[in-house]
Amino acid sequence: KSIAILAPEEGTDYGWNQQGIDAAKAAAKAAGIEIVVAQGLGYGDVRPTLRELASDGASLLIAHASGYNTAAPEIAKETKVPVAIVDTPTGLEKGLVADYTLSGHEGAYLAGRLAAKMSRSKSVGIVVSGEPPSWNSQSAAFAQGVKAENPDVKVTYAVIGPAAYSDAAGGKRVTESVIASGADIIFGQGNGSSFGMLQAVETTKAGDGGKVYFIDVIGDKTPIDKGFLLSSVVWNIEPVYAAMIADLKADTFGTKSYSIGLKDDSVKLLKTAAIPDDVWAKIQALREDVISGKTKVEPVYDAAAVRALMTSVAQ
Amino acid sequence: MTGLFSEVFLSALLFGAVTAAIPLLLAGLGEQMSEKAGVLNIGIEGMMLAGAYLGFVGAFYSGSLWLGFFTGAAGGIAVALVMALLCVRIGLNQIVIGIALTLGLEGLTALLHHFQFSRSYPRLPAVDVTVIPLLSDIPVIGPALFRQHLIVYLAIALVFAMGHIYRRTQLGLNLQAAGDKPAALDVAGIDVMRTRTIAVLTTGALAGLGGAFLANVGAGLFIPFITNGAGFLGIVLAMLARGRPVWVLFGALLFGVCLSLTTAMQVAGINIPTDIIQMLPFLAVMIMLVLFGRRASLPAALGIPYERGAR
Amino acid sequence: MSIASSLSVDKRDIVALEGVTKRFPGVVANDGVDLAIRPGEVHVLLGENGAGKSTLIGMLSGLQQPDEGRILVDGEPTAITSPRHALALGIGTVFQHMMLVPTLTVAENLLLGGPWWQRPKTEELEARVAEITRTLGITVRLHAKVSELSLGEQQQVEILRAMVRNTRLLILDESTSMLTPKGIEELGALMRRLVGQGLAIVFITHKLKEAAAFGDRISVLKLGRKVGEIPPERFRALGEQAIISEIVELMFGKRKDDPEAAERPVRVIHAEAAPLLQVHDLAVAPTDEAPCLSSISFDIRPGEIFGIAGIDGNGQKQLAEALAGQRATMGGSVRLEGAPIEALSVGERRERGLRYLTDDRLGEGTVGTFPVSINFFLKQVGAAPFWRKGVEQRAEIDKRAAQIVREYDVRTPSLKTPVARLSGGNIQKVLLARELAEGAKVVIFNKPTYGLDLANTLASRQRIRDTAARGLAVLLISTDLEELLSMCDRIAVISNGSLVGTVENADDARTKVGRLMIGLAA
Amino acid sequence: MSIETAPSAGATALDPTAAVATRRDIQHRLLMTLGPILAALIIAGCILLAVGVDPLAYYGFVLEKGLLSPLGIQQTLTRMAPLLFLAAGLIVAFRAGMWNLGGDGQFLLGAVTAAASAPVFVQIMPAWLALVCSFLIAMVVAMIWSLVPALLRAYQGVNEIITTLMMTFLGTSLANVLVKLVFRDPGTTVPQTRTLPVEDRLPRLFETTITSGLLLGLAAIIIVHLVMTRTAFGLKLRIVGANPRAAIHSGLGVPKLTIAVFAISAGLAGLAGAVDILGVQGNVRADWNPAYGLAVIPVVFLARMNGFAAIGFVFLLSVLSIGGESAARRLGVPNHFTLVLVSIVLIVLALAEYIDHRYNQSRRV
Ligand SMILES: Nc1ncnc2c1ncn2[C@@H]1O[C@H](COP(=O)(O)OP(=O)(O)OP(=O)(O)O)[C@@H](O)[C@H]1O
Ligand SMILES: Nc1ncnc2c1ncn2[C@@H]1O[C@H](COP(=O)(O)OP(=O)(O)OP(=O)(O)O)[C@@H](O)[C@H]1O
Ligand SMILES: [Mg+2]
Ligand SMILES: [Mg+2]
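Protein chains in written order, with my numbering: chain A, 1 to 315; chain B, 316 to 626; chain C, 627 to 1148; chain D, 1149 to 1513.
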């Protein structure tokens, strides 16, 4: 049969949408079933698309945006077609609704450790284009990682603006300001605006005249990198989707939440040439600590809590 | 947190404010010209998008920012040409066409981006700046204001050029007459259509240039919907300025400074939701309107197509 | 026959029209009109409201193109395609409706039309204006905003504009309607001087005396057709009275002596009757475009017509608006039937019987895009029987509207026609009908006959007299002294925002009012 | 913004040709609407061809998925409900000459307050009453939000285009703040309001997924149309719109009418927000802004502020947006193409209306 994935933007963003769509395609291929991709749907009402996909015979609808998690379960009940939603661990319903709450906070923690090790100016910046929960948890974990590595490293946090997902100019402007405040590594999260951040990193010199590095999230921007990408907290969602398909076949769909983490490499830090091998080795060691539970990284989803945390670490 | 506000950081904030203000300034100046001549140009967002896209394409493929500004302005003019044809020549409803053009260009530029750039996301190299000797050595202000790309100085010079045109040339008189009493301009032997067409095309050029600046200097790249409502802000600025170019400049800077203030507060670690900070410039303008809300002085024939001898 | 003679192209004609026809939805505004315009002649164009005079000159000044026929300029068939073209051909027009930009100064308005890249040549203009105004004997305030000028001053600016542009043919469409008797005389003298300099003038008026006094040749239009012409030879041979009666015959087809010199019927007004309208010490703050009003006091008794004379722009409009409730006052009292009304709104005053006929027909008197029928009831929206429980009764409205159209002889293609498409005079009839509707006690008329043709002027005046005769109090504001003298019981003169004197309308009233108007004691 | 009287309106009801005239009139109008749409489709088709997509297949899907399939038409009709309310609000404002461009802010605040109140109300009162109360709250909040532009325009003469645009920027932010900080559902990590259970929402029509909000929307726009064209109140508003000085001269209380116009217009926009939430969405997420307001403005102008015509154009817009998304997905065109299509349709319709107008004028001679 077939599965369908619904994404708010085109799957060409080297980020959330692309990772989701590519993973769904891969999972479907592996399971030998058909995949329908509905992309660029925006953040409005997706009920029409959900209903249509359901009536076209999809046996699983993956609603790949937190904005879809009210509509999708409703349509699931209406059409009896199972759906998978994000960021709603409490919404499980057997045979009907499964949740995959993705958070790369473990990876972001490692990225924070990496950034603190690599920063020459002992100052790093976080730039985000909005404050959805999954970004919040990564921002917070990154800051915690930095502080855990070296409490003297300064963390600067800046939000471009509410819903400034496509504000590339804003991304560049804010990033430049953060660099001017001393940061030489930028941890950036934002759809379209992240390209503006990348551009800022490429065209602005750090306080010491050297390069500023960029740490990306979710996707892998290596194909378009000009030598400024330090790392990325890459999410691999394919295992999640594969597990869903398996559960669907085994009639256990909707009984558990899926997640990603360092353990199975569904969250991993991207190794680039910019990371020295000795540093990388240390990071790998830290990774083991997180996996074994020796180091605990608690996700913080709430925007206000993240801002409070940032205020406290900024001192 | 005192140490945070280093000279470098402050001047980066100011630099950012200016960079954010320039597209608004150009859009506002453009809109002002149309409005003076009696055309309510709601399509300015579309003109900016066309300018942003074509401006980026021009700069990216030629490697020359100037060529990019040129193609950007040309893109704005191309959209303005449609507007002039439909709204000035044959008098279609300016609001319908304006909104339609904005929607259409949002879609079209996103579509073109999808086919052309959505795999490679090309970005431009750093912008060369023109350093103004002496002035650029002033602490904080110097690096922010006097180490900008030449086009920034030109945009600001344009404010005064516009002021000159409006107050001291025949064209200024013609524009004002076209907006206030087009029939009087017509019987004085000046073609109202032509005057308004010139105004709309100039708007297109300025909005296109603003879009190109936004893409090439502001962001260094093009992505769909990159203007994010800058055109509508331009309309607000033009209306607030009541026909005075300098007020457009002040307004644009106010918005730019408020944006930088947001960043400054966050970097300083002040915990205020961004949504609330984002409301500041609008709140400031609303409060000004409530306190000093004088009679609006919009042109009498704004939005009304001219038809000779109609009654 | 004179018409036949003008058909052949005459080398002396600056402009000639041959069989010109112009149609609008529902009307033929001009129907095969022939006209010859010569240098050194004032060609008077006469005709009732809606006869097609303005349309004719619209074609001469490039605003409109004829549907049929042709226009010859200097003997050459020429399509006058735009106002610019007309100006280039030396045709300058002063239109019936103001054609100045109110937000620009007089000088800027005069400069309008120069090459766009240039600086306005203010010095050059000043010199030229000084020269022209000297020979013409008028004064203009070059640096005043047009919105600050009175209508009369604006008209002078428009004439000046035509002159600044080296006009060979000057067209004046009802230019005297806003002028005082003295202004009219001056304009007449000016026209004589201009034709003396070799200009051709087309002069449109509704006042036959002006036609007779200033014209050399007269053409009469009726329902779009030219019904007759009096050539200069004949014109000179006849005396004023003879000319007027000949015109009247051409226009109305019946002989009558000077119709404007109608007798003022002697009315008996009870001196002891309580005044219907009492105005005491009324004051209004000045605005950008108008002087302040101070200590205005007068009474009007039932059946009385109280006139206000004065040069336009001396506060007449402010007075009328203050009385109607449209303009805030600074003090003083207004009583209607003894009850104070100064605190009431426009609508409340109207309900008590106070009516105001504005002089700004298109600006505030009507809603131009609405049908004629609705415009009759603009001040009664919601009132029975035209609205019941707030719902429009279209049949009721149409029935009454049709009745009014007949009664007031409003020339309109249909009741649905947008009122702005009517000719100026016919719009005025709509207003008259509306203000004289039932329930009126005190009526303020502001220039009620401005722009009306002769027959309509007379009919309107008669209506006003009838109004007074029914026991209403009438306040008649006019710049036309003849009108006031032929209608009023008492005439007050307004100057610079205050009433400088009131005279009984007796035999010596003309001189007394005249003296008051030029600032002397009566 | 003139009110044109229909050419055939000269015929009175007694006239036997009237019925024929209106039938021909309707035929004519249909022709003048469908013709341009066809032309627009051809133009947009050329763009599709240029990017290598079969236009016929595309339009086939638009028609099928937006109009002809039972599922499609239900979705289309559901989408119409908030748009109809918005259009009704704009008709009032535009006929009265007030450029209320603040519809989106009013819409969002109405939506947020409805979403915040309904889940609370259903716990303490019958569901129907809870819905009524939420509608009222949404309406009142939107009305209050319009008060600043209304007062500024009525008593200070401040141009309402500026103020309503500003208020819409502010309202969008305020709606977000409310969702994130005040009305946030503590049960989710995603910032959104509490969700109104599906069974407590506006009932669906018959056995379909069409919301009964559609009927409310239709009722709203028809009432507005009748009030504006047939009543004294409507005429007063139109006088204010067509010539404010004439309104003063006629003794209308222009400031009060101005405030009334803003209140009605904003109230309807607030109801639009409420009907979308209470009928379909169930809650409001942070940063949610469908920006319906902008899309409805040209529709109202094309309809010449006539309610019935607006219903038709809103329907067209809904078909295009529902069917366009589906067709784009099936043929691999980015969804952005729908924007281009809507834009071309709007422009061609405007052009056709102009040509029609011209033709009528020459015919009437
Ligand atoms: N633009 C127009 N559209 C429709 N009808 C018009 C237009 N211009 C003139 N008309 C009609 O043509 C006729 C002639 O009007 P015109 O203004 O020429 O009369 P007029 O002789 O100047 O009258 P008045 O003395 O009242 O000014 C009138 O019936 C008028 O309604
Ligand atoms: N004969 C008339 N008598 C009175 N008022 C009229 C007349 N004709 C038009 N109107 C006014 O003009 C308005 C527009 O009229 P019209 O018949 O064109 O309405 P409409 O908007 O087309 O309504 P509908 O679509 O219901 O026919 C009416 O509401 C009315 O106020
Ligand atoms: Mg006339
Ligand atoms: Mg007249």
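Accuracy of the hints is not assured; some may be wrong.
What the hints assert, rightly or not - Just so you have them, the derived chain D footprint on chain C, three or more residues with Cβ under 8 Å:
{"id": "1", "segment": "992 to 999"}
{"id": "2", "segment": "1006 to 1017"}
Unchecked claim - Using C-beta positions, here's what the derived DEER-type ranges look like:
{"id": "3", "chain 1": "B", "residue 1": "A599", "chain 2": "A", "residue 2": "D278", "range": "14 to 22 Å"}
{"id": "4", "chain 1": "A", "residue 1": "D278", "chain 2": "B", "residue 2": "A583", "range": "44 to 52 Å"}
{"id": "5", "chain 1": "D", "residue 1": "L1182", "chain 2": "B", "residue 2": "A393", "range": "53 to 61 Å"}
{"id": "6", "chain 1": "B", "residue 1": "Q431", "chain 2": "A", "residue 2": "S2", "range": "25 to 33 Å"}
{"id": "7", "chain 1": "C", "residue 1": "T647", "chain 2": "D", "residue 2": "I1503", "range": "19 to 27 Å"}
Derived by calculation from the structure, the hints in this document are not laboratory data. Yeah, the Cβ is synthetic: ideal placement off N, Cα and C, and Gly gets one too.
Right, here's what the structure says about each hint:
Proximity of the segment 992 to 999 of chain C to chain D, defined as three or more residues with a beta carbon under 8 Å from a beta carbon of that chain, is established by the 6 residues found. Here's how the segment 1006 to 1017 of chain C fares: 5 of its residues keep a CB closer than 8 Å to some CB of chain D, so the rule of at least three is met and the hint holds. Between A599(B) and D278(A) the beta carbons are some 52 Å apart, a value that contradicts the proposed interval 14 to 22 Å. The hint said 44 to 52 Å for the Cβ distance between D278(A) and A583(B), and at roughly 35 Å that hint is violated.
For the pair L1182(D) and A393(B), the beta carbons lie near 30 Å from each other, so the given range of 53 to 61 Å is not met. Evaluation of the 25 to 33 Å hint for Q431(B) and S2(A) yields a pass: the beta carbon distance comes to about 31 Å. Roughly 26 Å separates the CB atoms of T647(C) and I1503(D), a value that falls within the hinted 19 to 27 Å.
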